[in-house]
Amino acid sequence: MMLARFFGWLARDLRAAFSLGFLLLLALLAVAAPWIAPHSPIEQNFDMILAQAEPGYPLGTDDLGRDVLSRLIHGAAITLYASFLAVGVAVLIGVPVGLLAGYVGGWVDDVISRVIDALLSFPAIVLAIAVTGALGIGMTNAMISVGIVFSPQLARIVRARTLVVRHELYVDAARCFGAGTGRILWRHVLPNTVQPVIVQVTLLLAAALLAEASLSFLGLGIQPPDPSWGAMLARAYQSMEIAPAQMYPPGLAILLTALAFNTLGESLRAALDPTMKT
Amino acid sequence: MSILTASRLRVARRRLIHAVPVLVLATFIVFGILKLMPGDIAITLAGENATEERIAEIRQNYGLDRPFLVQYGSWLWNAVQGDLSRSLASGEEVAVQIARSFPITLLIVVMAMGFALVFGIPLGILAASRPDSLVDRVVTSIGSLGIAVPNFWLAMIFVSWFALEFGWFPATGSVPLTQDPGQAIWHAFLPALALASGGMSEVSRQLRSSLVEVMSSPQVRTLHAKGLTPAAILWKHGLKNVSVNLLTVTSLLFNRMLAATVVVEAVFAIPGMGSLIVNAALFRDLPVAQGVVFVMVLVVISVNLVTDLLYTVLDPRIR
Amino acid sequence: MTSRKKSDLRLPFAPMTRREWLMMMGAGTAAALLPGAVFAQGEPRRGGVLRVSGFANPSSLDPATGGAGSDHTYLWTIYDTLVEWDYKTLEPRPGIAQWKFSDPTTMVLTISPNVLFHDDTACDAEAVKFNLDRGRGDDRSNIKADLSSIDSVEVTGPLEVTVRLTRPDSALPAILSDRAGMMVSPTAAGKLGDEHDRKGVGAGPWKLVEWADNQNITVTRHEKYWRDDRGFVDGIEFSIMPERATGLRSVVAGQNDLAYQLPPRLKPLIDRSKDVELVTGPTLYCRQIYLNLSRGPLQDVRVRQAMNFAIDREAFVKVAQSGFGEPAHMNLPSSHWAYDPEVAKLYPHDPDKARALLAEAGFKDGFDLTIGGYTDADSVRRGEILMDQLGKIGIRLRFTNGTVAEISAQYFGQEKKFDSLVSAWTGRPDPAMSYGLMYAKDAYFNAGRVEVSAELTELLAKSRESEDMAVRKEIFSRLQRIVMEQALVVPIAFDAEMTAISKKVVGYRPNLIGKPKYEFVSLAS
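Protein chains in written order, with our numbering: chain S, 1 to 278; chain E, 1001 to 1319; chain L, 2001 to 2525.
Treat the hints with caution; some may be incorrect.
[Stated by the list, open to error] Going by beta-carbon spacing under 8 Å, a handful of chain E positions derived as facing chain L:
{"#": "1", "residue": "Ala1046"}
{"#": "2", "residue": "Ala1050"}
{"#": "3", "residue": "Glu1052"}
{"#": "4", "residue": "Ala1056"}
{"#": "5", "residue": "Arg1059"}
{"#": "6", "residue": "Gly1082"}
{"#": "7", "residue": "Ser1085"}
{"#": "8", "residue": "Ser1087"}
{"#": "9", "residue": "Glu1092"}
Calculated directly from the structure, the hints in this document are not laboratory data.
These numbers come from a predicted model, not from an experiment.
For glycine and all other residues, C-beta sits at the position ideal for the given N, C-alpha and C.
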């Protein structure tokens, strides 16, 4: 039944279908990278530094003679993993905090809201840099810090929804019947926050992607010699005058993937928004 | 009627009071995180001929070994009196550094906002005038593209083509506005353009949706039935409603762009607030990092406050 | 204006033998850059403002309180030193003062007359004493360790200072060509206190006008400078641009006249531009892998030797440095007065031998080595090359990258987070300083705090005893042999200085320290 509705929606919303298709293809590429990529992403070849596209190397080679296409494919896996990690952390932190703030209210809500305001009031990337520094440099830590930085946004949305749902009739009814707070949260409040959370998650995936690229560009994040699209972009910046073509493959990859996430998110929002349902 | 009515002043005062804990919290968070990071600036300061004793000496001289809260407390005490202390790395006063780099970033952000509005508004109107048509879809797609594109990639492309290849714009650096306005704007052009891509999309999208909403409302249909041209309707009725949304978007954009300039500044080697705080965070230059956060939060709060007050001017129904 | 053909300065992309390199350097330098040759037709033109793309923000413009190797190029415009050196070999020469050892523990400095600071006060014996005492004792002085052999400083004449030492220290003259020898005006230091960091007053060819953090430093002619055979430009404007590619672009675009410390990969850009020329020369800047000798596999000398055999230095120079610079077989480059070519033969590139040594030491299947590195793109690239080379003999490098400050602190400081560190040694005026700071038992830069051999310790002390250059050279040969036979470090390559200058710039000469000096530069009209 749900599945039918799902496919029906896809059939109607072509953009969502394309985005989802693209992302699934990307995931497939990421998983199959070791078999699909024509060369090793870390094998250096000093005779072919910054070479143009040629047979066997359709996208050319980078500044250590490594195949750009292979790095791009392997980079997909790392980049996608990074985005999901960050968003996962954001959900893990943001949803409970938002529920807490919205449901309990009172001074707990006040304190949490202040902290959220404070976190949201200065540049995300600075916070990410600082937290990365505190946790130690590395892809995992960098994305955890991005997740921490994103969690306030999610918390805010969950809190807003919780505030609304809290006063719904069925919640009051449940409380009258003696249901515990935890049970209420789990069975009644949480399911009603799922929809905006899903939408926000897809949008955050795009943002996490861009955040990873930015952090890698600044030199934090991915550690050598693993490729990530952001790190490839950073290297391309260094060789900008000599081999300007280098910046297009990773940049386009980031652009298309972010676009896919965003489009999916927007379509989900349109589909799930109750005011637009017929 | 005076702009500064009593009620508005009350709102302002209430907002400012609420802002204080946010300010303290933000700087405390930054301080806490930077303190959590391993290492401190003492080793950098000791430099090339470092010895263990010298490093310990430096820590003592700069008070880096005092208890956590004492260090933060003393910084806060000075900050509220207007003394943002000095950079640990170079000794220059933090206030001076901020006073120098903030206008640079501000110029870029303001120009980026300008681009966003100049391109976004016409696009939004265009899309709204023919909802669900091909034009509408094209504009929406451009919008999606604008949001998804990484700012610094766009910046790299601009540098590669417009600066290096064609030589129309400088590839690097900035010039203070007070020194030479023409040069300043010329240097800030490409960075601002790179920054504006997301903003342009947001503006056009918001404008489109709020315009469509307004145009299909009963009041407008009545006016239309009475024979007013769409342009006149838009002017008299639409603009006021739309302006509130536009204001919201603008203030949101400003805050977001302030954050996004960081990486763009890196591409263009522009010594603005972005690079200031990134370097401070990387080098554990606590006074600079906290000073910048302090100022940035102040700016964001002020922008929000002005926005809220402008709401009440534009639409007296909002209180 | 003399025409300097680019072909004189252009170096081939392919790696060269050391002999070819030296010949090139001789030809290049002689043909173009000695003041005598260039100014054959007359005095260098006075005037004009030299615009330089600076590399890093200074840590301080007071020589005693700063600590970064990138400061010197700014400091040398403001401060003259007691002792100077030959640009090519670093042999010490008199600067503001002449020195003489009346006995091994007594050094007499005779100061030139008529040396005036920027604030019109005299740089006389009192001023010199003030500076040396300040360097030794001030709370904020970073150079105490450099002057640790000094027991007392006495004014023995209006222009004469007698320095008594606790032990012989023949490295002291060279030390006085560095920060410790940069003379600061006592009046200014007294009046400005800590502010002097930002408003340094010295006796150099130019005086400080302005320093805006991370933006620019401006210096202007010191009208009463004590020598008239240097300091030809009216002023120098440094624009601070840490991104070197950006710095080069500014010279190509005509916004600046000179950009230094350029990475070799940018050479094609310099070639492409008709108005910009490349000046290059050897430096002391040694890229190396620091080893913590107290860690696991690194305790075994065979492992360390294996690492030295595994590195293909020639390939590294070719790829990472575009053929510029030279392979490093020890911590001194081939043009240094204390270089020993015999030590250079110890470790040819031999992966098979490396694997054999590892197997002998019990690591047939290799091992993991944690290593710190920096996050800038060039460092990452170098790290990847090393990963590849060491990976081929089974040593798997596990990188943790961070900022210079963070990683250095974590490696050298108390945390001792990594087994090794890939970084550089910027070089010191005297080899005794370098070897002492890196290999002495309690030296800060000896992460493992290990005393390798009593002989090493003894030689370090002896290297400072005699003033005789020949004797010292012999001692340094033995020192370097011990360091390399014990493989206390893995030296990889020396950087070449890469400086881009516009056609207006005349008389710029590179020096072996690798930190640019502008005293002989003039600007063509």
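Now the hints, each set against the structure:
Residue-level restraint check for Ala1046 of chain E holds (minimum Cβ-Cβ distance to chain L is 6 Å; threshold 8 Å). Among the interface hints, the one on Ala1050 of chain E holds; its C-beta lies about 5 Å from the nearest C-beta in chain L, closer than the 8 Å criterion. Among the interface hints, the one on Glu1052 of chain E holds; its C-beta lies about 6 Å from the nearest C-beta in chain L, closer than the 8 Å criterion. A least Cβ separation of about 10 Å between Ala1056 of chain E and chain L goes past the 8 Å threshold, and the interface hint is therefore violated.
A hinted interface residue such as Arg1059 of chain E counts as satisfied when its beta carbon comes closer than 8 Å to some beta carbon of chain L; here the least separation is about 11 Å, so the hint is violated. Taken as an interface hint, Gly1082 of chain E does not check out: its beta carbon lies about 19 Å from the nearest beta carbon of chain L, beyond 8 Å. Checking Ser1085 of chain E against chain L: minimum C-beta separation of about 13 Å lies over 8 Å; hint violated. Satisfaction of the interface hint for Ser1087 of chain E is found here, the shortest Cβ-Cβ separation to chain L being roughly 7 Å, below the 8 Å cut-off.
A hinted interface residue such as Glu1092 of chain E counts as satisfied when its beta carbon comes closer than 8 Å to some beta carbon of chain L; here the least separation is about 4 Å, so the hint holds.
The earlier numbered hints that this structure contradicts are 4, 5, 6, 7.
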